[in-house]
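Counting with the UniProt record's numbering, you get residues 1 to 190 for the letters of the first sequence.
Calculated from the structure, these hints are not laboratory results. From the three backbone atoms N, C-alpha and C, an ideal C-beta is built for every residue, glycine too. Don't take each hint at face value.
Stated by the list, open to error - Between beta-carbon pairs, the in silico distance windows are: (1) L78 / N29: 20 to 30 Å; (2) V38 / G17: 32 to 42 Å; (3) T74 / G47: 20 to 30 Å; (4) S45 / I184: 35 to 45 Å; (5) R15 / R64: 33 to 43 Å.
As the list claims (entries may be wrong) - No farther apart than 20 Å at their CA atoms in a straight line, the calculated lysine to aspartate or glutamate pairs in the EDC-like style are these: (6) K49 / E22; (7) K93 / E82; (8) K107 / D75; (9) K96 / E36; (10) K53 / E23; (11) K96 / E76; (12) K86 / D66; (13) K53 / E82; (14) K49 / D103; (15) K49 / E13; (16) K86 / D103; (17) K53 / E22; (18) K93 / E76; (19) K107 / D66; (20) K96 / E82; (21) K93 / D75.
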Amino acid sequence: MKKNAISSSQDVEVRKGPWTMEEDLILINYISNHGEGVWNTLARSAGLKRTGKSCRLRWLNYLRPDVRRGNITTDEQLLIMELHAKWGNRWSKIAKHLPGRTDNEIKNYWRTRIQKHIKQTETFNGQKSLGHTNQATTSSTQTCNAINPMQTYPPPYENLQNFSSPFPTETNENMWSMEELWSIHLLSSD
DNA sequence: AACCAATCCAACCGCCAACAT
DNA sequence: AATGTTGGCGGTTGGATTGGT
1 MKKNAISSSQ DVEVRKGPWT MEEDLILINY ISNHGEGVWN TLARSAGLKR
51 TGKSCRLRWL NYLRPDVRRG NITTDEQLLI MELHAKWGNR WSKIAKHLPG
101 RTDNEIKNYW RTRIQKHIKQ TETFNGQKSL GHTNQATTSS TQTCNAINPM
151 QTYPPPYENL QNFSSPFPTE TNENMWSMEE LWSIHLLSSD
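Using the sequences plus the hints, can you model the full thing?
The structure is reproduced here in structure tokens:
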């Protein structure tokens, strides 16, 4: 098969980094007219100087109308814990059980909040029972990813009920909201 | 007010499987 | 069967923000 011309140096440069509002609108507009699919083609046809991958990620994690961001509920927290214990780092699989949540958000949530909390609990327990430290502290964070997660986290899960819901009330003041984007899109598509 | 450290999260990268040619 | 392309996934990073001193 012929090599895809898009990667050769004389062709369109590829934009990276944060998405602009214009790019978002182009993507939303294009997908609502043509639907998703074949992301590389979509990126080119829409006139976006982005890779297909980048478009896909932006759409799935941020622009999709049904995506929910922030304010993860206690129920969701517990479900994440439960499913992670069952499946490990299968974020996309876990995300399928949390409607509107993306694998990326769950992954970030896990790493920044839950894993930290577990680590703290472990350290605390470790200090309480010095002498039984073995490899626990050194390997625990990594082994969370491994075969049997149930063994690697002690059962501090119930404590999660107590840990203060970590989310700020609303996020991304510096970014245009989904409502803004979609209302601009709807106005302009009339 | 200014600085520094910690935290958060959007977006990238690399790998792999599935599919197409 | 071999090779190329694409999409999906998990891991990682860089910049922005927040909190502490």
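Legend entry - Hint numbers not upheld by this structure, sorted from lowest to highest: 1, 2, 3, 4, 5, 12, 13, 14
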